[in-house]
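Could you put together the complete structure from these sequences and hints?
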Amino acid sequence: FDDFLDFLKDAPLVLKPVSVDQLIADCKQATEEIAKVKMITFNESITSGLLIVGDHTKLKRVLVNIINNGMDALSDYKVLNPSIDILVQKADKFVKITIKDNGPGIPEKIINNLFDAFITSNKSGGTGLGLAIAKQFIVAHQGSISVKNINGAEFTILLPLSN
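In terms of the working numbering, the sequence shown is residues 1 to 163.
Be a bit skeptical, because a hint or two may be false.
[Said to hold, decoys possible] Derived pair list, reagent style PhoX-like, types lysine-lysine, alpha-carbon separation capped at 20 Å:
(1) K16 with K58
(2) K96 with K148
(3) K60 with K90
(4) K16 with K93
(5) K135 with K96
(6) K90 with K109
(7) K90 with K38
(8) K60 with K96
(9) K109 with K58
(10) K78 with K36
[As the list claims (entries may be wrong)] Beta-carbon label-pair distances, calculated as ranges:
(11) K93 with I46: 17 to 23 Å
(12) S48 with Y77: 16 to 22 Å
(13) D21 with Y77: 29 to 35 Å
(14) I150 with Q22: 25 to 31 Å
(15) P107 with K16: 33 to 39 Å
(16) N113 with E33: 29 to 35 Å
(17) E44 with I111: 23 to 29 Å
(18) I150 with L80: 28 to 34 Å
(19) T120 with K16: 27 to 33 Å
(20) N113 with K38: 39 to 45 Å
(21) S144 with T47: 14 to 20 Å
(22) L80 with A117: 30 to 36 Å
(23) N113 with I150: 17 to 23 Å
(24) P12 with I111: 27 to 33 Å
Read the hints as simulated data drawn from the structure, not as lab findings.
Just so you know, even glycine gets a beta-carbon here, dropped at the ideal spot from N, CA and C.
And the structure:
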């Protein structure tokens with residue numbers, strides 16, 4: 001229901017300096033219990049010390065949503081040795097955050113519309129609003145979000161570095 005309300009209202013961003021290290025740590029903390037239960041391994045490669053100006057709460061929500069979607073796919077399809085890779089690096093004037101799972105990937109019939117409202121491939125339910133809201137939040141941060149299938153689903157988020 002919160003997803004639906006957020007989709008309807010255009011809540012203002014609370015912009016502050018955000019440590020990407022802390023953002024990723026908070027996302028892992030929010031998802032580690034479920035990952036443990038589902039026996040999903042997190043692998044990370046993080047360029048530390050990167051700062052962006054953003055709304056920490058909304059950015060965390062985007063990343064946690066992507067991680068949770070990946071964990072759902074990994075458990076729904078009973079992937080052997082399930083894992084989620086989180087890669088953070090500097091890319092020109094941007095922070096590039098890549099979240100990749102080793103699951104079945106996004107079905108080809110919906111991948112091009114994945115960030116539209118009410119699109120879902122989730123076998124365990126879901127509103128299909130999470131990624132539409134994610135895109136809305138990322139674009140509001142002057143960033144971009146994309147997805148492709150490479151041995152699983154791979155989401156790439158670009159956010160402007162703080163000056």
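Here's how the hints hold up against the structure:
no., hint, in the structure
1, K16 with K58, "holds (12 Å)"
2, K96 with K148, "holds (15 Å)"
3, K60 with K90, "holds (19 Å)"
4, K16 with K93, "holds (18 Å)"
5, K135 with K96, "holds (15 Å)"
6, K90 with K109, "violated (32 Å)"
7, K90 with K38, "violated (31 Å)"
8, K60 with K96, "holds (15 Å)"
9, K109 with K58, "violated (28 Å)"
10, K78 with K36, "holds (15 Å)"
11, K93 with I46: 17 to 23 Å, "holds (19 Å)"
12, S48 with Y77: 16 to 22 Å, "violated (33 Å)"
13, D21 with Y77: 29 to 35 Å, "holds (31 Å)"
14, I150 with Q22: 25 to 31 Å, "holds (28 Å)"
15, P107 with K16: 33 to 39 Å, "holds (38 Å)"
16, N113 with E33: 29 to 35 Å, "holds (32 Å)"
17, E44 with I111: 23 to 29 Å, "holds (25 Å)"
18, I150 with L80: 28 to 34 Å, "violated (18 Å)"
19, T120 with K16: 27 to 33 Å, "holds (32 Å)"
20, N113 with K38: 39 to 45 Å, "violated (27 Å)"
21, S144 with T47: 14 to 20 Å, "holds (19 Å)"
22, L80 with A117: 30 to 36 Å, "holds (33 Å)"
23, N113 with I150: 17 to 23 Å, "holds (19 Å)"
24, P12 with I111: 27 to 33 Å, "holds (31 Å)"
Consistency with the previously given hints fails for numbers 6, 7, 9, 12, 18, 20, ordered from lowest to highest.
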